[in-house]
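Sequences and hints are given; from them, build the entire structure.
There are 4 protein chains.
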Amino acid sequence: MSKFFGVVPPVVTPLNDDFSVDYASYTRVLEHLIDNGCHGLFPLGSTSEVVFYDEAERRRILEHTVKVANGRVPVIAGVIDPATDRVIRHARTAREVGADAVVVTAPFYTITSQAETLDHFRMVRDAVDIPLIAYDIPVCVHTKLSRQTVVTLAQEGTIIGLKDSSGDDGNFRYALGDLADNKDVFLMTGSEIVVDSVLAMGAHGVVPGLANVDPAGYVRLWDAAKRGDWAAARTEQERLCRLFEIVWVAAGRVSGGATGVGGFKTAMRSLGIISTNVMARPRAPLNEAESRRIDEILRSVGLLA
Amino acid sequence: MSKFFGVVPPVVTPLNDDFSVDYASYTRVLEHLIDNGCHGLFPLGSTSEVVFYDEAERRRILEHTVKVANGRVPVIAGVIDPATDRVIRHARTAREVGADAVVVTAPFYTITSQAETLDHFRMVRDAVDIPLIAYDIPVCVHTKLSRQTVVTLAQEGTIIGLKDSSGDDGNFRYALGDLADNKDVFLMTGSEIVVDSVLAMGAHGVVPGLANVDPAGYVRLWDAAKRGDWAAARTEQERLCRLFEIVWVAAGRVSGGATGVGGFKTAMRSLGIISTNVMARPRAPLNEAESRRIDEILRSVGLLA
Amino acid sequence: MSKFFGVVPPVVTPLNDDFSVDYASYTRVLEHLIDNGCHGLFPLGSTSEVVFYDEAERRRILEHTVKVANGRVPVIAGVIDPATDRVIRHARTAREVGADAVVVTAPFYTITSQAETLDHFRMVRDAVDIPLIAYDIPVCVHTKLSRQTVVTLAQEGTIIGLKDSSGDDGNFRYALGDLADNKDVFLMTGSEIVVDSVLAMGAHGVVPGLANVDPAGYVRLWDAAKRGDWAAARTEQERLCRLFEIVWVAAGRVSGGATGVGGFKTAMRSLGIISTNVMARPRAPLNEAESRRIDEILRSVGLLA
Amino acid sequence: MSKFFGVVPPVVTPLNDDFSVDYASYTRVLEHLIDNGCHGLFPLGSTSEVVFYDEAERRRILEHTVKVANGRVPVIAGVIDPATDRVIRHARTAREVGADAVVVTAPFYTITSQAETLDHFRMVRDAVDIPLIAYDIPVCVHTKLSRQTVVTLAQEGTIIGLKDSSGDDGNFRYALGDLADNKDVFLMTGSEIVVDSVLAMGAHGVVPGLANVDPAGYVRLWDAAKRGDWAAARTEQERLCRLFEIVWVAAGRVSGGATGVGGFKTAMRSLGIISTNVMARPRAPLNEAESRRIDEILRSVGLLA
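Protein chains in written order, with this note's numbering: chain A, 226 to 530; chain B, 226 to 530; chain C, 226 to 530; chain D, 226 to 530.
Watch out, some of these pointers could steer you wrong.
Under the rule of at most 20 Å between Cα atoms (straight-line distance), these lysine to any residue pairs were calculated in the SDA-like manner [to be verified]: (1) D:K369 with C:G481; (2) B:K451 with B:N261; (3) B:K369 with A:C365; (4) A:K369 with D:G402; (5) B:K292 with B:R347; (6) A:K369 with D:V364.
Worth flagging that the hints you see were computed from the coordinates, not collected in a lab.
Below you can see the structure in the form of structure tokens.
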């Protein structure tokens, strides 16, 4: 079995009021995730607001992550940018810094075909000696990695795994079936709310942004699934679904991007993990009324006294 | 009237076989555009494959452009990346290098609202002392700049102009009407094929990728429109429409992104302007059969003997 | 030249408060259009709310239209329903009732390919001896008739014309060019706001919903274009663009469908042409504040004292 | 608990070579479903190609269904057409004919808001005394019924249930949670391939087109879920996933609509249930090579010797 499995959160990047990264808070986020049993860390993912940061800042974030993790759990690093050579550059940095694998999306902004997307992954793999994980996130990238694309890349050895944030669980199930005999490949879901279902299908892990707020909940869910206690898994999942309502508290007032990460950051501030709920520009933070509504939700699921 | 007007091509970035920028060819492209009467240059646009290049390469491309232009025509520099602080960084470089203005899209990958998009433009404007041009290109960015967003930004002085590549000429016409009294603002179309129509509506210029292949044709079209000879403008436009068929020669075999820029580069190679038709990775170049078909089109409009 | 040309409005269907068709008002609408010089009538189009009516009501509407028109202008009848055999049935009715041609969309609800769409048009043509006009309206049908589809159908004689409500004027221009030598085929735009441009490209007519409100304006625009007075055409078009703002008066409060047809009906009520601004269910009518705003617009363009 | 639960297939409508309904085959389909333990029948659904049929044919199909069912299982009738009054008319027919409930989509072709969609369901409910089931199928209708819309309609008593063919299982789970205390309401999934997951979430039934081919498989899956044997449910589901590959056998050659229903009809012909694999026009049937490939799949899951 792969060393990549279980609960691997995309790590929130805390900011100071001046939009610089708040590394003291970031250390607390990382320790919070490791202490609560997460099996890996995914810095520089979409939840980390990766595309808001330039090359230099990404390197610092990744160096800090690797230093804090200190080998306790694997670190998979997002290397997300519009096209191949820029991804290669980020992947080289990730390798230098000591990440265990990199997470690569299809090209974006660029109007690309599935054939070019195959080439994109192969070119990155050929250029840098670090394992690749494909990241299917059509809501951001605006193309979907087809079942055939994922299976081809996995069977030929270009990728070692998939993070599926497409919401198409049926398609994901087919990829699991197609790759069932390939023990070197793992497939994880990016869903926060159907994790019990996807683990029952045989998924190897979960990459939930919401685990920044409640890592212990997702670890309990994972553990229940591992021991085959699906009733317990379902109960925990439904509790996490109620918690996930924090991502819609500011819906309508701010964008879908801002209300989601904003919900996480605001909850983490209430829980004392990070110092501000500032998001990368131009995203506006959640306001105090929204923060109070989030506190109610945190209390309703037992996270806040 | 603004100093920005007329034919302002997004400049193709020629590459060597190893995917490095071919600056000798690039100089020829720039001279070809200036010699044929273009009124400005737009390096680092979508046609320039801007999002495929990192910060360092973008700086070199821009420095080279400014050096070759040498004040003969204004240079507007694309500063296109997913979010605000990265755009600010590119805009600072553009200012240092000596660009006359920067061209900014809405955020992408990020799931942003029109309100956040307004803030995005304002934050860039506040951070860097260089004029801003908004770039509406929903096919790449996946959000459209609404009429209200464009008019608000123009009336408050955040932007000095618009490049409209949305294909929504009716909406563009309304923006022209709303801003008719504001002589400091210009609105240009990114269309290659309805330029006569849009100039007749009062547009201040055109930013056609196809002008890399036939700058003289677009300058003739512009001049005809300026003197009110709409029949001549229409005749020239229809000739350019026939030429524009080069962008569909590889349609189906490669992606929409590749067949478009690939058509331009292949034609420019046939015309002796650039040395290869290589595109930025992962885009595959057009093949020899497609190149021959492009040559036929070039001959049919009188560009090739 | 085809007998189908010029200004051919999709005719608004006035309703009583109980949602039945108000035939007295409908007669006034038809006379208003004919009196003001329209060259044809298009009942049962999208603006007519065709898909809200069943077979029996459609027959009555069409019979009434043909009776009132009484040969003064040609009548082209929308036969719009999801799939082939239902369209055939409507087309048979249209032929029986005495329509001059029928207007057919691609299938909808049905997830259809361009190849099946070609077959759809051919099957309707084979089944009923009445000329066919293709109607490209992707905003409703959710597929676009490609340039190749339109040209194929026209060249083989399946269709005699096109109503293009796709908003893709560049594509429309290519279809005009491809069919320039085919004098039996006409191509009309469904746009209200770029009619001068599209006529300058060589379009054979215009099918503007807004002509229900101001037929004389569109006839003046058509006449100016016919005599080559493009400055006059542009001036009239820009006046009509200001009038077209009525379609956004209720935007945000009601759906895009309701604010558009609702704007037309409310304006027509203010002008004394129809008795209510009721729309087909479930569309909610515009309210009094919105009606007053529409009256201001009507006054600003000289339609209301 | 509602009388609507379990496996309720949307019933395939078999056709003769002349596109008329083959009622002898249709009787066999209905008996095949009832004999194999299905808990209800859903004629005139999307899989039934409902929108291809006019009012008279729909009545005949429904009359035949009710007559054959003869009270053995409830019959829910699709009343799918673009707008409110046409749906009301179909619903009146369904009531006259003796259907137990009607299945209603949001309006289509019409560009409608969620507020108008709420009104649409309420108007149908007010007009006809028959229970309403909402049908969420954005791939055909091009709007999604939001969680809030479904919950509002259910809580106020406008609808008694939902068929969710949106593929958004997370959203469906929230609707299940919101309505958990309302014992009068049922929620069914339209998925063929994640039924075990959705039943584990608490769904009340499943409406799988594929049950036309293998009703016994879905009944076994349902029974396993009812007795809490999730391992058996998963095994059966995975077998059905392999069978479901029949819907992609003609992908690429024909449309998504045709390859799906075409796969079902071709398999049912091979199994001797229906006489032809003809689809409603303009859909082209699967060819012999595709039929052989489908037979292989049928053999691989034990349905064909």
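The hints, checked one at a time:
no., hint, in the structure
1, D:K369 with C:G481, "16 Å, holds"
2, B:K451 with B:N261, "17 Å, holds"
3, B:K369 with A:C365, "15 Å, holds"
4, A:K369 with D:G402, "29 Å, violated"
5, B:K292 with B:R347, "29 Å, violated"
6, A:K369 with D:V364, "16 Å, holds"
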